[in-house]
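Residue numbers (my numbering), protein chains in the order written: chain A, 1 to 373; chain B, 1 to 373.
Read the hints as simulated data drawn from the structure, not as lab findings. Just so you know, not all the hints are guaranteed correct.
Identical chains share a label here; the pair holds if one copy fits it or two copies do between them.
What the hints assert, rightly or not - Below, in silico cross-link-like pairs of lysine-lysine (DSSO-like), each with a Cα-Cα straight-line distance of 30 Å or less:
1) K368 x K311
2) K263 x K304
3) K311 x K281
4) K172 x K316
5) K311 x K50
6) K74 x K332
Number of protein chains: 2
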Amino acid sequence: MFEFKIVKESENSPARTATFTTEHGTINTPVFMPVGTKGSVKTMKPEDLKEIGSQIILANTYHLYLRPGHEVVKQLGGLHKFMNWDRPILTDSGGFQVFSLGADFNQRKHVPNDKPKMKNLVKIREDGVEFKSIIDGSTHFFSPKSVMEIEHALGADIIMAFDECAPFGCSKDYARAAMERTHRWAKECVAEHNRLNATASYQRALFPIIQGGMFTDLRIESAKFMAELDTPGIAIGGLAVGEPRELTWEIVDTIIPYLPKNKPRYVMGIGTPEDITEAIKRGIDMFDCVLPTRLGRHGSAFTKDGQIHIKNEENKLSLEPLDPDCQCYTCKNYTRGYLRHLVMENELLGLHLLSYHNIAYLTQLVEKLKKEL
Amino acid sequence: MFEFKIVKESENSPARTATFTTEHGTINTPVFMPVGTKGSVKTMKPEDLKEIGSQIILANTYHLYLRPGHEVVKQLGGLHKFMNWDRPILTDSGGFQVFSLGADFNQRKHVPNDKPKMKNLVKIREDGVEFKSIIDGSTHFFSPKSVMEIEHALGADIIMAFDECAPFGCSKDYARAAMERTHRWAKECVAEHNRLNATASYQRALFPIIQGGMFTDLRIESAKFMAELDTPGIAIGGLAVGEPRELTWEIVDTIIPYLPKNKPRYVMGIGTPEDITEAIKRGIDMFDCVLPTRLGRHGSAFTKDGQIHIKNEENKLSLEPLDPDCQCYTCKNYTRGYLRHLVMENELLGLHLLSYHNIAYLTQLVEKLKKEL
Chain A
1 MFEFKIVKES ENSPARTATF TTEHGTINTP VFMPVGTKGS VKTMKPEDLK
51 EIGSQIILAN TYHLYLRPGH EVVKQLGGLH KFMNWDRPIL TDSGGFQVFS
101 LGADFNQRKH VPNDKPKMKN LVKIREDGVE FKSIIDGSTH FFSPKSVMEI
151 EHALGADIIM AFDECAPFGC SKDYARAAME RTHRWAKECV AEHNRLNATA
201 SYQRALFPII QGGMFTDLRI ESAKFMAELD TPGIAIGGLA VGEPRELTWE
251 IVDTIIPYLP KNKPRYVMGI GTPEDITEAI KRGIDMFDCV LPTRLGRHGS
301 AFTKDGQIHI KNEENKLSLE PLDPDCQCYT CKNYTRGYLR HLVMENELLG
351 LHLLSYHNIA YLTQLVEKLK KEL
Chain B
1 MFEFKIVKES ENSPARTATF TTEHGTINTP VFMPVGTKGS VKTMKPEDLK
51 EIGSQIILAN TYHLYLRPGH EVVKQLGGLH KFMNWDRPIL TDSGGFQVFS
101 LGADFNQRKH VPNDKPKMKN LVKIREDGVE FKSIIDGSTH FFSPKSVMEI
151 EHALGADIIM AFDECAPFGC SKDYARAAME RTHRWAKECV AEHNRLNATA
201 SYQRALFPII QGGMFTDLRI ESAKFMAELD TPGIAIGGLA VGEPRELTWE
251 IVDTIIPYLP KNKPRYVMGI GTPEDITEAI KRGIDMFDCV LPTRLGRHGS
301 AFTKDGQIHI KNEENKLSLE PLDPDCQCYT CKNYTRGYLR HLVMENELLG
351 LHLLSYHNIA YLTQLVEKLK KEL
C-alpha cells in the first residue's frame, strides 16, 4: 500500500511525474485536487469530476466535524459512500480552519506580535487547541489524538497531521513555538494513527505538515524533522496565507532539497494556473484549492488570456466558448452569451458550468505540463 | 410535420397513448414537460434530463423576452442551441405571466369584481396588453402579432397563442370578455404564425388556449371555438390558478367531449403526482409544472408516501434513498442522510439532486400510468 513510484524526472528541474497508490486507486501525479469542503465539491457531481479526470478530492475535517459530525459520516458509511466517490479522498486536519476561522485573521496578518489577538475564540495549549464553533459558538477541543480519531472516522485515504498554522506577519519566536508544537503534535499523530490503522478495514496514509512561517531556517528545520518521520508523504503548510508569491516560492525552493525524493510532496492551498505551473516546476506532486469552484460561483472563469468575468457586456452576444482551446463539457456545449445570461439570472446551472470549466481548466493544465516534462 | 398518432386507447376511460412529431423529434404522450423558465430547467443539465427521459421542455416567453431578449436568443442560435437542448421545446405565450406577475394577484383571487385592481401595472386593450416589467418597471406591449414574432424568434417547436388568463374569482361578465378577447387574439395569432411559418427554416406548431374561467358554459364555448381553428394541438389554460381541485377536474371533464380526438391536449401548469394521474385518466396528453424543481430547491421530494422534507431530523442517519422504488440517479447513489446534510448546508448539489429526483419521479409515474392503460 501507499507505493510511490517515480515515472519520469525532468532533466532541467526537480519536476517529476509519479504514481501514488492507495486502497481506493492509484493517483498519477502531479495532481490538482478539487476541494469538497463540506463533503461536496460545490455544484459538482462525482460523475462530473470523473469526466474531467479528477483523481482525488479533498474534504475538510473542521467543517464535517461540526456538521454533520464525523460520527454521522461514519454511520452513513464513511466519506466514500457518503459522497458517492469511490476514488481517493484526502482530509485536512482542521488545523488551518481552527486558526483562520477562529481568529481575527486580519489582525493576525497585519500586526506582528507574539500573542495574536484571537477574539478569545481560540486557546492554544500544549496538548491541543480549544476553539469556538463558527456555527453556534459552542466550545470544542482538537488534539493530535482527537483529530486522528475524527479523520479515521471520516475515512479518507490520505489524512493530514494536526498542525498549528502560524499567521503571516508573526514574530520568529511565535513561528518557532508554533512549529515546535506542530512537531510534537506530528509525533503524537503518527502514534495514534498507527494504532488506529492497525485495526482499520483499510489503511490510511498520514502526511505531516511542514511549518515554520516565513523563516527559511525554521522551514529547513521543520522539513528535516518531518522527513525523518515514517510517513508515506509530506505536506508543506502555512503558505499562500497572505505573503507575496515570490516569498512562497523562495520558501518552497529552500525546503525541496530536504525532502525525500521517494515520497509525494503536497503544497496545501495552491491553485491558480500560475501557482500550479510554478509548483510542478519545483517537483511538487499534489496541490489543492477552492479557487476554481469559488470563482465559478462568482461568475469568473480561467482562460488562456487570464481570468474573465462572464457578466461583462462584451459576452452578451458572444458565440464563443469560455476558452477556445478547452476540451471541457462547458466549452464544447455552451456559448459565453448563454453562460452570461445564466449567471446574470442567478441560474444555478451557470455556477455549475463555470465551476466545471475551472476545475477542468486546471486539470488540463496539469496534464499539459506533465507532457512537457 | 406535427403528425399526431394515437397508439392505444383505454377501454375504461378517455385515456390514450400517442405520438406527436415535431422537427426536433417525436414525443411519446402522455408526457410531463419540465419547465426551464429562463432557458434552464433549474439546476439541470440537458444530459440529466435526457438520462431521466424528458422528451420536451418548456421555456417562458415573458422572462426570455425581458432578459436576455428574444433577439439575443435568436442571435445566439435560437433556444435549442442557446440551451444545448436538441429535443423539442415549447414556449408559453407570456400571457399568464403578464397577468399574474403584473397584477395584485391576491386581490384578484379573493375579491371578485369586474375590474381587478392591477397596481396599474397592466392595461388590457383590445389589441393587446401594456405591462410594466417586473425587473425595472419599463413599459412593454404584447399583442397577438408581437408575441408570435417573439416566439418565432425564440424558436421553440410548439408555441402558444397569446391569451388572457382571467383571475380566479372574477365575475362571469369579466370571464366572458377575457375569453372573447382570447378568441379574437387566437385568430390573429394563427394568421401571423402562418405568415412566419411560411418562410421559417423549420415549422413551429401553434396551440391555442381554451379560457372561460370557472364557468362551464363559457368553457364549452371556448373549447368549440378553439377546436375549429386549424392548429395541430389545443391547450387548456386558466386552471390551477387557486380553485379547488375538484373544480379543476370538473372543468376538464366538461371540456374533453368537445376536443378533437386527433389533436394533442395540453393542460397548462399541472404537475403534482395526483394531478398527473387525474389528467392522464381524462385523456390529457401533455402537462407541465415548475413544482419538481421548485420543491427540490426548497428541500422537498416526492415519494410514494407523499412529499417529504429532507431537513427533518429523522433523515439525519438514514441510509435509505428518497424513494425505495425510484430508479433515478439520486435514489441509486445517495442516502437521505447525505441529502439532508447537503440541504442543511445549502450545498447546491443537494438542490440539484432533489430536483433531479422530483423530475424523474414524475417521469417514471407517467411511464407507469402509460403501461397500465
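Now for the hints, and whether the structure bears them out:
1. K368 x K311: Only inside one copy: K368 and K311 sit 29 Å apart there, 43 Å across copies, limit 30 Å.
2. K263 x K304: Neither: 32 Å inside a chain and 52 Å across chains, both beyond 30 Å.
3. K311 x K281: Neither: 34 Å inside a copy, 47 Å across copies.
4. K172 x K316: neither (52 Å within a copy, 46 Å between copies)
5. K311 x K50: both (28 Å within a copy, 29 Å between copies)
6. K74 x K332: For K74 and K332, the Cα distance is within 30 Å only across copies (20 Å; inside one copy 39 Å).
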